[in-house]
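Take the given structure of chain F and dock chains B and R to it, following the hints.
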Amino acid sequence: MQTASACDSASGQKTQSVGLELLDVTCRFGDVAALKDVSFTAKPAEFMSIIGPSGCGKSTLLRSIAGLERIDDGGIHVGGKDVHALRPSEREVAFVFQSYALYPHMTCRQNIAAPLVMTELSALGRTPLLHRLSPKARHTRARIASRVDKIADQLQIGPMLDRRPGQLSGGQRQRVALGRALIREPKLFLLDEPLANLDAALRNTTRAELHALQRRVGATTLFVTHDQAEAMAISDRIVVMFDGQVRQIGTPDDLYRNPADIDVARFLSQPWLNCIHMDTAAHHLEAGPGRPTARVRGLPLREQTGVVAFRAEHASVHPESDRAEPALRVTVDRAEHAGSDANLFVTLQGSDTQLVVRIPSSDIPRWPGGTPANLRIDTEAAWIFPVPEQTADTDRDAMKVA
Amino acid sequence: MILTLAAAVTLLPFIYMIAVSLAPTGALWSGSLLPAPSLDAARANYAYALTEVPLLRYMANGAFVCAMILVLQVLVAAPAGYALAKLPFRGRGLLFGAVILALMIPIQVPAIPLYVALAYAGLLNTYTALILPVIISAFAIFLFRQFFTSYPDEVLDAARLDGFSELAIVWRLMLPAAWPAVAAFATISVIAHWNDLYWPLVVITDTDMMTPPLGLAAFRSNGESTGNPGALMAGGVMVTAPLVIAFVFFQRHLIRGLGIGAS
Amino acid sequence: MSAPPDAPTVLADSRDVQPEQRSTGGVLAFPAIFLLVTLLFVPSSGVLIMSLTDYQFGMSGFAYVGLDNYRAMLSDARFLNSLTNTLRYVGTVAPISILLGLGLAILIEAQGALRGLYRAVFFLPVTATLVAMATAWEVLLHPSFGLVNTALAGLGFDKQRFLTDPDIALWSLAAIGVWKMVGYNTLLFIAGMSQIPHDLYEAASIDGAERGWRRFTLVTWPLLGPVTLFVITITLIRAFSEFETVAVLTNGGPNGATDMMLYTLYEEAFRFFNIGLAAAISVAFLGFVAALSILKVRLFDRTARYV
Chain F
1 MQTASACDSA SGQKTQSVGL ELLDVTCRFG DVAALKDVSF TAKPAEFMSI IGPSGCGKST
61 LLRSIAGLER IDDGGIHVGG KDVHALRPSE REVAFVFQSY ALYPHMTCRQ NIAAPLVMTE
121 LSALGRTPLL HRLSPKARHT RARIASRVDK IADQLQIGPM LDRRPGQLSG GQRQRVALGR
181 ALIREPKLFL LDEPLANLDA ALRNTTRAEL HALQRRVGAT TLFVTHDQAE AMAISDRIVV
241 MFDGQVRQIG TPDDLYRNPA DIDVARFLSQ PWLNCIHMDT AAHHLEAGPG RPTARVRGLP
301 LREQTGVVAF RAEHASVHPE SDRAEPALRV TVDRAEHAGS DANLFVTLQG SDTQLVVRIP
361 SSDIPRWPGG TPANLRIDTE AAWIFPVPEQ TADTDRDAMK VA
Chain B
1 MILTLAAAVT LLPFIYMIAV SLAPTGALWS GSLLPAPSLD AARANYAYAL TEVPLLRYMA
61 NGAFVCAMIL VLQVLVAAPA GYALAKLPFR GRGLLFGAVI LALMIPIQVP AIPLYVALAY
121 AGLLNTYTAL ILPVIISAFA IFLFRQFFTS YPDEVLDAAR LDGFSELAIV WRLMLPAAWP
181 AVAAFATISV IAHWNDLYWP LVVITDTDMM TPPLGLAAFR SNGESTGNPG ALMAGGVMVT
241 APLVIAFVFF QRHLIRGLGI GAS
Chain R
1 MSAPPDAPTV LADSRDVQPE QRSTGGVLAF PAIFLLVTLL FVPSSGVLIM SLTDYQFGMS
61 GFAYVGLDNY RAMLSDARFL NSLTNTLRYV GTVAPISILL GLGLAILIEA QGALRGLYRA
121 VFFLPVTATL VAMATAWEVL LHPSFGLVNT ALAGLGFDKQ RFLTDPDIAL WSLAAIGVWK
181 MVGYNTLLFI AGMSQIPHDL YEAASIDGAE RGWRRFTLVT WPLLGPVTLF VITITLIRAF
241 SEFETVAVLT NGGPNGATDM MLYTLYEEAF RFFNIGLAAA ISVAFLGFVA ALSILKVRLF
301 DRTARYV
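Residue numbers (this note's numbering), protein chains in the order written: chain F, 1 to 402; chain B, 1 to 263; chain R, 1 to 307.
Treat the hints as calculated values from the structure; they're not laboratory data. Heads up, some of the hints might be wrong.
Among chain B residues calculated to face chain F with C-beta under 8 Å, some are [what the hints assert, rightly or not]:
(1) Pro152
(2) Glu154
(3) Val155
(4) Asp157
(5) Leu161
(6) Gly163
(7) Leu173
(8) Pro176
(9) Ala177
(10) Phe247
Cβ coordinates follow ideal geometry from the N, Cα and C atoms, glycine included.
Extracted from the complex, chain F is given alone in its bound form (with noise of 0.2 Å):
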């Protein structure tokens, strides 16, 4: 029954699009488990990130995928098909790696062949000289040359191909990498961070060249990076993984705006996710004459515990004099330049939190230094989070997306 992708593919067509599934998939390093009951599907064509910190197993995930990475337990479904009894090379999955990983002492052009010529010609058709005694290995050779044309063509990379990868840039290795995983025509994309070692103006390019060509190519891609911004730009949806497991899963915009919990929350901030204490809050929110109750989403601050969390830019600052609506009492320490927009940095008064508010970088002359302001929230973008500081314990009942 799900042997009709497998057909599609062998006869040489566009890949047919195929979705992938994992379940509960873990992964133990001696100890330590690297993956906890990973679940989650991807349909097919669709563009998936996999973010969160460095060393929450993300490209754990992806090896395991790619049958590098031996899994303990739970099942990777290719297009309905399990994959645990193959080898990577049979999985129809490619792999871009962040190093890029091309073979050094081949050309660009025997780079991007390798997959075919590996899999695709015998060993003598392999052997250089030799395989000129075969017509078979001849025509297949043709083919996969002019295959190799193709993709060079699509990723502009043709006047490079007879090149080594050590004499290339950054940027053109990583084509290469991209051309030596499209060439096998995968059914699955797996990216592991192919963008880190780019400069900045080039990843930005890359990056929407790089969803470009996976709209066109309609391959499911799961894209690993740390970077947040990356993956917000170009995804269908995001799975946001802490600790070896899946945290949220959804739509950039679900997770801008409804985080699951307060790190997954802190992890789409910039600069960082503010957060007070419920009573310090609703101390400086309720000061002062005539305040009603303070609420975040309609929920009085009194009655619940935590915090409060918002980002820079649900926030903004006041003159001291301006008090016509609740906020918090701070003192301007420094702001930061960042193109049109400016992040401040306060302090909150009567204690050492740091806030920090995004402001149009045109008004930083306005706020030295030492100035009192008034900060007002966006309550109805702030959220009430349990407080943080014992998270492995407390994350998992920390589902109130208010």
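Same frame as chain F, now just chains B and R:
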């Protein structure tokens, strides 16, 4: 100044060997420092070395034996070096210990039982007798392991995804990448086995099977009686020339190779 | 978390990947393991056993004789003479070729344009076929018309029978041995020096040790220490294993004056088929080389850490 003198002393036997090989025997008694060369004498000396003694046969034997030894040594050692460097398998630690132990055993030690075994197998005076005992090189395994260890693991993963078998990884990725080590080892192996006298002396008595040093040594014991130093030196020049010429061409690699081999 | 219904099989099968890689490692290493055992360890153990028995070629059985062969070896006049010669040879060749190698390496490194040429020249004896070069030396050292004697006569000295005078022959072979080994040692020292970071020399020159002896004692020598130890062990082993010059030029003569250990071993084993004695000599030879090798391996560790 000291260097020049030392260089002159170093080169002296080479120069003298060439000079004598080009001169008539009588010129040696002339009392001059270097015997005067003559075309006729040169032709006679080299012709004698090539015809009266099967010198070409010796050199062909030497070339064949060295090539076979090198190829087989690499064939055996490269996969083992790769397994030691990159693949976990039961007994890996034991094998590495065995390699280190084997590094300490000079070839002359197992010679007696090997000789007995070859004699019983009727393999004395064969290429097999010259080649077989030395196709295992602990040094090659050790050297390849050192080189392979630094090969990036991600590239190996990529290769497995691309459909390389583990053996294909060894031949198509590891060895080409480790070619300085291969060149170094080839240098050491060829120099050692082309020039070796001990083992051929033990297992070869048949003139047709002799390697260059053995053939030359045999020629010398005769040459003394016939008093033909010119022809003997001509033979010496021809036996020494291949490696010295190769050395001049590949000097950089050879020196680096022996440097690697030493450290 | 609830396990999927087929969890047990998934668990069992997914472990296949690992054992497969495991067996691959074993398979790839197998030829080497097999050959190490059959060509090296078994015959070497065989020698050990032979040295404790009265085995002879062609004999169907043999008996355990304990340490008799070793006792015979230690009371054998030829072996003792050969051992003495070997130690005298090693004691001469090793220090001279090492010191000369170090000196030449320093001089070559201080050279400018001709550095590569000198390196090549001193390295030539390493690649050259020693048997051929030995015969060349023989002609050079010929008692009547050899170049060396011609030169000696020209300078007013007596001609010497370098290879046939029992008082001189061993030293003639030692001279050839030095000639052969200096180049290799020079190369090793040069390799060692090239690994010394250049900024150390710059630091030394700031500290006032700009040139010559002070710079050598402050930087070069201490950092060359591990390489030096390595050169010493390898030179000792190579000198101890000298065979070609003896076998080609003197056959151990005149009168045993140049008989050395490996030549004795060869003759006892393969000419006189004196297997018990030869096996005992093999074991003694192994003991010496292995002791130096262990030293070398340990120094290798140190060297690796040093540089």
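Structure-based check of all given hints:
Hint on Pro152/B holds. Least Cβ distance to chain F is approximately 7 Å, under the 8 Å limit. Given the 8 Å rule on beta carbons, the hint for Glu154/B holds: about 4 Å separates it from the nearest Cβ of chain F. Given the 8 Å rule on beta carbons, the hint for Val155/B holds: about 4 Å separates it from the nearest Cβ of chain F. Using the Cβ-Cβ criterion of 8 Å, the hint placing Asp157/B at the interface with chain F is satisfied: the shortest such distance is roughly 5 Å.
This hint holds: Leu161/B has a C-beta 5 Å from the nearest C-beta of chain F, less than the 8 Å allowed. Interface hint status for Gly163/B: upheld, as the beta-carbon distance to the closest one in chain F is roughly 4 Å, under 8 Å. Of the supplied interface hints, the one on Leu173/B holds, with its beta-carbon coming within about 6 Å of a beta-carbon of chain F, less than 8 Å. The interface hint given for Pro176/B holds, since its Cβ lies 4 Å from the closest Cβ of chain F, which is under the 8 Å cut-off.
With a cut of 8 Å, the hint placing Ala177/B at the interface with chain F holds, because the nearest CB-to-CB distance is about 6 Å. The beta carbon of Phe247/B is not positioned within 8 Å of any beta carbon in chain F (closest approach about 25 Å), and the interface hint is therefore violated.
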